[in-house]
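Work the whole structure out from these sequences, hints included.
Going down the list, the protein sequences come from chains A and B.
Residue numbers 50 to 340, in the numbering used here, belong to the letters of the first sequence in order.
Residue numbers 748 to 1136, in the numbering used here, belong to the letters of the second sequence in order.
None of these hints come from the bench; they were simulated from the model.
Please note that the accuracy of each hint is not assured.
Unchecked claim - In silico DMTMM-like cross-links for lysine to aspartate or glutamate, where the CA-CA straight-line distance does not exceed 25 Å:
(1) A/K166 with B/E1093
(2) B/K937 with A/D223
(3) A/K166 with B/D1017
(4) B/K937 with A/D310
(5) A/K165 with B/E1054
(6) A/K165 with B/E828
(7) A/K166 with B/E901
(8) A/K165 with B/D826
(9) B/K918 with A/D310
(10) B/K917 with A/D310
(11) B/K938 with A/D310
(12) A/K166 with B/D1127
(13) A/K165 with B/D1017
(14) A/K166 with B/E828
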Amino acid sequence: MTTTILQLLVAGVGTGSIYALIALGFNVVFKSTGAMNFAQGEWVVMGGMISALLFAATSNIGLACALAVVIVIMAGIASERLVIWPLRRPNTLLITLVSIGLAICTRSLVMLVLGKKPVGYPGFSQVSTLVLGGVAVQTQTLWIIGLTLAFLLAMHLFFERSMLGKALRAAAADRDAAAIVGVRVETTVMLSFAIAAFAGALAGAIITPLTLSSYDQGAMFGFKGFSAAMLGGVGSLPGAVVGGLALGLLEAFGSFYISSDFKDAIAFTVLLLILFARPSGLLGRADVIKV
Amino acid sequence: MNLGRRNFLQFMGGTALAATGIQPGWAADEPLRVGSILSVTGPAAFLGEDMKAGLQLAVDEINAAGGIGGRKIAWTFYDAESQTQKAISATRRLISQDKVELILSGGNMSGIALAMAPMAESASIPFISSEGALAIVTPVAERKWVFKSTVDDEDVLERIADYFAKKNIKKVALIADTSGFGQGAVTQMKKVGPRRNLDVAYESFDPADTDMMPQLTRIRDSGAEAIICWTVTPAGVVFLKQAQQLGLDSRTLVHSYGFVSSHYMTLAGDAAKSVLLASLKFPVGDQLPDKDPLKAGILRLFRSYQERFNRAASLYAAESYDAAMLAKEALSKVGGDVSKLPQGMEQVKNFAGMSGVFSFSPERHSGLSKKDIVLINWRDGRFNLADYE
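Next up, the structure:
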């Protein structure tokens, strides 16, 4: 019984870490633009598919994934420069709508350039499974949890300690005031897209050994990450972690103890209930709107 | 001839009228208008491209041999993009604008073919589907014009039950995806299971799922001796990998005919060693015993497909190829009259195609049977025959 619970715990935390990374991408862009960026899921797919392509060419997993992440970050920056930056009067709704178009274009481009077939590559470690106290743990799951933790820690330090991170936060808090003290507000939007693409690409690169990657999975990743962000509290960095893990664990335990037929239904019913009780999410703070 | 504008128009109108006026139902030298809808983009694209190639090859072979009853085939093709809505408007276009006399293949997704079947039926246009679901051709009273060239899930499950009986396996689990394909198998298994005294546990997963540990843990704890997975999506690879990680590969793992793809097997890597696939004979055509009625035909298609497209023929290409060849066979039984094609199809008996030996009847518009299914495995980078009968 305990091994079963531990098994589910490992599965839930593994999936939850991926959701947390994607949710973080949503939150960072939300902070800087006030909009939801629905291209987030496509970057996950790009991360996985480009890694696979580069792995086939170099047979070095670390190198392939690192390069892929860099390429996706560039794509994130390019997306912002080409699509968001030229907007004459950017507002929340407009950016959200544009991001949906961006998602569709990215998906088609990935399909045309990288193909329609699902791709994959072996895990980061030679040994694929460890049995710890009767629980089968995939080494890749440990990598996922570890790398997610490292990324979140790095993000925390970036936002709290570095000048650039502080500038980003300042611009998110008040654009005009930040501009007055010399923050280049427009660059911060680009930077937030770069970070979001980084988080997405990392998620894609580390999950692909377990689940494969195909060009049409982006919408699912985006949807799950969006839900995790809502659950944790939009715009909150710890919220992304809490929301992601909560969603992953809900799915794992719900499908085991109730029914796998209703896996998503269980997770989303709980999501709705939580949002009824706390509309701003688990860790979100209700915004005070000045009238 | 010096014609004014007005006269010219009258002249043209008259010619057009004359051209339509003297036509009988069809002329021997007029091409046979055939339409096809497949999904060569979207999630189901990997099936659609092979199916399109299969049809293309069949149409070219038929035309090179002089056509059907002296009429060459004029082929119209539309991409359904894996979307039922797109397929419906394309079907409407085939029927009303292109005025096709026969439809082959329905979008390579059961959901699409299910939407197309009633449209073909109400327009009285014969439709030979290369998609799986039994509901495409049932109830027969409402599907007089619709036939399918694929195997029924019930027969596949019966064949798997035969194998379990041989191995004395009584307790099994069926883990199916939540699509029409997966849930169709669940419905059939609820009939086949009790009939064959199998104790079946049911689990399901979303085609986009990335983690099946909870379901597999539950199956492990249930003590099922064999696990059948039913999906056409990459999630089936996740199933194989995670089953191996939980040590379930020591039990009997079975995938359905929807997963017979060398690409998926390569992706599963080491985890593909333990799986059996309930498949049609096509992928192991060269390993069939010489007495098998399909062997010669399959080997011929292997060669011509390789020559034409420079890649190995897949099962899906064989299914659409069969749809075209069945139409030809049926028309030859009714003197090439397309309006009598259903009667012709119902007379087709023991016709050796590529995916099996077809027999249709007025009661059954699905031509294959349990005998056309074999169990295959994946060794040395290819499919191999594991259990012939």
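Consistency of the hints with the structure:
| no. | hint | verdict |
| --- | --- | --- |
| 1 | A/K166 with B/E1093 | violated (38 Å) |
| 2 | B/K937 with A/D223 | violated (61 Å) |
| 3 | A/K166 with B/D1017 | holds (19 Å) |
| 4 | B/K937 with A/D310 | holds (16 Å) |
| 5 | A/K165 with B/E1054 | holds (24 Å) |
| 6 | A/K165 with B/E828 | holds (12 Å) |
| 7 | A/K166 with B/E901 | violated (29 Å) |
| 8 | A/K165 with B/D826 | holds (15 Å) |
| 9 | B/K918 with A/D310 | holds (21 Å) |
| 10 | B/K917 with A/D310 | holds (24 Å) |
| 11 | B/K938 with A/D310 | holds (19 Å) |
| 12 | A/K166 with B/D1127 | holds (22 Å) |
| 13 | A/K165 with B/D1017 | holds (23 Å) |
| 14 | A/K166 with B/E828 | holds (15 Å) |
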